[in-house]
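Participant: Construct the complete structure from the given sequences, taking the supplied hints into account.
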Amino acid sequence: MSELPTVEDVADGCLLLSHRLTQWVGDAPTMEEDVALGNIALDLLGQSRGLLSLLGDEDQLAYFRDADEFHNPAICATPNGDFAKTMLRQLFVDCWLELVWHTFSEQEDDGVRGVAAKAVKENAYHRRHSRAWVVRLGDGTEESRRRTLLALEELWPLTADIAVPGWRESVTEALVEATVPVPAAAEPDPAALAGAVDARRELLAEMQSLARAHPGATW
Amino acid sequence: MTTTVARAWHVLAEVMDPEIPVLSVLELGIVRDVVETGADSVEVSVTPTYSGCPATEVIVADIRTALSAAYREVEVRVQLSPPWTTDWISDTGRAKLRGYGIAPPNGRALLPLVADDQPAACPQCGSRDIEQLAGFGSTPCKALWRCRSCREPFDYFKVH
Chain L
1 MSELPTVEDV ADGCLLLSHR LTQWVGDAPT MEEDVALGNI ALDLLGQSRG
51 LLSLLGDEDQ LAYFRDADEF HNPAICATPN GDFAKTMLRQ LFVDCWLELV
101 WHTFSEQEDD GVRGVAAKAV KENAYHRRHS RAWVVRLGDG TEESRRRTLL
151 ALEELWPLTA DIAVPGWRES VTEALVEATV PVPAAAEPDP AALAGAVDAR
201 RELLAEMQSL ARAHPGATW
Chain R
1 MTTTVARAWH VLAEVMDPEI PVLSVLELGI VRDVVETGAD SVEVSVTPTY
51 SGCPATEVIV ADIRTALSAA YREVEVRVQL SPPWTTDWIS DTGRAKLRGY
101 GIAPPNGRAL LPLVADDQPA ACPQCGSRDI EQLAGFGSTP CKALWRCRSC
151 REPFDYFKVH
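Residue numbers (the working numbering), protein chains in the order written: chain L, 1 to 219; chain R, 1 to 160.
Because the hints were derived from the structure by calculation, they are not lab data.
Honestly, I wouldn't trust all of these hints.
To be verified - Distance windows between CB atoms, simulated:
hint, chain 1, residue 1, chain 2, residue 2, range
1, R, Glu19, L, Val25, 12 to 20 Å
2, R, Glu152, L, Val25, 25 to 33 Å
3, L, Pro29, R, Arg64, 35 to 43 Å
4, R, Ser138, L, Ala211, 24 to 32 Å
Here a beta-carbon is modelled for each residue, glycine too, at the ideal position from N, C-alpha and C.
Facilitator: As structure tokens, this is what we get:
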């Protein structure tokens, strides 16, 4: 079982997942989903900015650190895949963040507490959304179920570092309703983790290119 | 309250939310405090509504601009803790939201948030026969609903 993350782990995780979600904007299955994913991405970006600002200069940290200096959980940078994979990834991260924000909202640091107390509520809406989709897809058509099971197989090895105490119970509750079998606790998988490192490098190359081409630029 | 501070509150009552222009920053409940920091100088503490709300930076700039016309020195401080909640929207603010076609948050933002959070009625015709179209709407604070009576879609300001 994984330990509770640091402020930096969470800031980086929210930032990279936010950027992944923005890749759906304009390309989601329905207009409502386009708006939903965009809004969830915006919340995650705001939460990350709140934490990064506590650690230093947010732009410097987001745009000018190299890929191997990021501390995000592996699953946050993994490519979107299809909609089933995006929603399952979201559920896994939302369940993790729910526990993280609750813990952070009781921390001594006033800054961390402020970001977390706000994020707890925002995350509740995200989780409601991802959970509803996972249930609908897992317990849906033959094709949606097939894709959900493939997504589970692909994502599960990346959950080792977000499986904090309480996470498995939270995820199990949703998967059971989705009639999806819950695998045994994930062991860190070197091949999957190497893939996640590559995914992060690719994602950051895109995200950081503009800021690096025009350092110090302002609107 | 000193005259300097009282004057600042009057100025703030005229600063509107850029995305919901019928609502002032006071009715939205984001101004935490105004203090006099010296001769003709004030400091305003503002709590952002949502973590990722792009309107926050515009609001801070608008407050600064409005007060700068009336004071020598203006400081706007962003205060994260305690976090803003929809409970801080004033009754006048709620009525104005409804008049603008947005159903105001229905209920208090107690944790854990209730799963069946929903508007009290259609802001257009008052019918309670309503349904949710999408959990996320035109801005991070809203969901999209529809009235089954008048058939109009409308925004709902979610309990946060």
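Participant: Can you tell me whether the CB distance of serine 138(R) to alanine 211(L) sits inside 24 to 32 Å?
Facilitator: Since the Cβ atoms of serine 138(R) and alanine 211(L) sit about 28 Å apart, the hinted range of 24 to 32 Å holds.
Participant: If I claimed the Cβ atoms of glutamate 152(R) and valine 25(L) lie 25 to 33 Å apart, would that claim hold in this structure?
Facilitator: The hinted range 25 to 33 Å holds for glutamate 152(R) and valine 25(L), with Cβ atoms some 27 Å apart.
Participant: Taking the beta carbons of proline 29(L) and arginine 64(R), is their distance inside 35 to 43 Å?
Facilitator: holds, 42 Å
Participant: Please test the hint of 12 to 20 Å on the beta carbon pair from glutamate 19(R) and valine 25(L).
Facilitator: holds, 19 Å
Hint compliance for this structure: no hint is broken.
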